[in-house]
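Colleague: So the sequences go chain by chain: U and C.
Per our numbering, numbering through the first sequence is continuous, rising by one, with the last residue being 253.
Per our numbering, numbering through the second sequence is continuous, rising by one, with the last residue being 296.
Derived from the structure by calculation, the hints contain no laboratory data.
Where a beta carbon is used, it is the ideal one built from N, C-alpha and C, also for glycine.
Please note that the accuracy of each hint is not assured.
What the hints assert, rightly or not - Here chain C is said to cover these stretches of chain U; the calculated rule only asks that three of the stretch's residues, wherever they fall, bring their Cβ under 8 Å from a Cβ of chain C: (1) 209 to 223; (2) 244 to 250.
What the hints assert, rightly or not - Below 27 Å or equal to it, Euclidean Cα-Cα: the simulated DSSO-like pairs (lysine-lysine) are: (3) U:K240 to U:K196; (4) C:K249 to U:K206; (5) U:K206 to U:K196; (6) C:K193 to C:K236; (7) C:K236 to U:K206; (8) U:K207 to U:K196; (9) C:K193 to U:K240; (10) C:K188 to U:K196.
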Amino acid sequence: AQSVTQLGSHVSVSEGALVLLRCNYSSSVPPYLFWYVQYPNQGLQLLLKYTSAATLVKGINDFEAEFKKSETSFHLTKPSAHMSDAAEYFCAVSDRDSSASKIIFGSGTRLSIRP
Amino acid sequence: NAGVTQTPKFRVLKTGQSMTLLCAQDMNHEYMYWYRQDPGMGLRLIHYSVGEGTTAKGEVPDGYNVSRLKKQNFLLGLESAAPSQTSVYFCASSRLSSGTGPHNEQFFGPGTRLTVL
Chain U
139 AQSVTQLGSH
149 VSVSEGALVL
159 LRCNYSSSVP
169 PYLFWYVQYP
179 NQGLQLLLKY
189 TSAATLVKGI
199 NDFEAEFKKS
209 ETSFHLTKPS
219 AHMSDAAEYF
229 CAVSDRDSSA
239 SKIIFGSGTR
249 LSIRP
Chain C
180 NAGVTQTPKF
190 RVLKTGQSMT
200 LLCAQDMNHE
210 YMYWYRQDPG
220 MGLRLIHYSV
230 GEGTTAKGEV
240 PDGYNVSRLK
250 KQNFLLGLES
260 AAPSQTSVYF
270 CASSRLSSGT
280 GPHNEQFFGP
290 GTRLTVL
């Protein structure tokens, strides 16, 4: 069965510092991978997705993620953190053969930004 | 466009009571989903629908029922609420996928916070 593991339930960085949120997936074939963001008291929004067109995927608000098959990873990065990036981030995976575009979410990583 | 809307935003129930959560989307999406979100567990799929009149079980369907009588609406019912169903419930929708092409983005509603006493 597919799954994603997010390393670290809480990450804290200083404003202006590099953001790195880790995600590893488990799948027998390269899946589709997603990063979603959830701001307080809101639903989830798509940050970016990997569908095999390119291994480095750029998303909104300067976030990007790199698909590394050898490491089964899809880590999310941002060069310089902003206070508005404080939110919960979810990595998610979908089987290419999945019906109805079903996706499986990781447990989430809460990102805090220190002034 | 309003996107995905959910009604109500908050609800408190007593054990054994019933209720229905309503999800509506105005994007003409084929697929709709109901998730629950619990601390440290991410989102788990309860039920989903691939079109009007069709529903299917997700990862955690027990204690819930759903109906999709109209394309734009997806209802989640709790027949006899239990404290274990205290959670935040999210509805989502997405466009039809084309064969083995990339899966389309899911659009989420703002959530319903349900407490069962």
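Colleague: Does each hint hold? Answer for all of them.
Modeller: Hints and how they fare:
no.	hint	result
1	209 to 223	violated (count 0)
2	244 to 250	holds (count 3)
3	U:K240 to U:K196	holds, 22 Å
4	C:K249 to U:K206	violated, 42 Å
5	U:K206 to U:K196	holds, 15 Å
6	C:K193 to C:K236	holds, 25 Å
7	C:K236 to U:K206	violated, 32 Å
8	U:K207 to U:K196	holds, 18 Å
9	C:K193 to U:K240	violated, 32 Å
10	C:K188 to U:K196	violated, 33 Å
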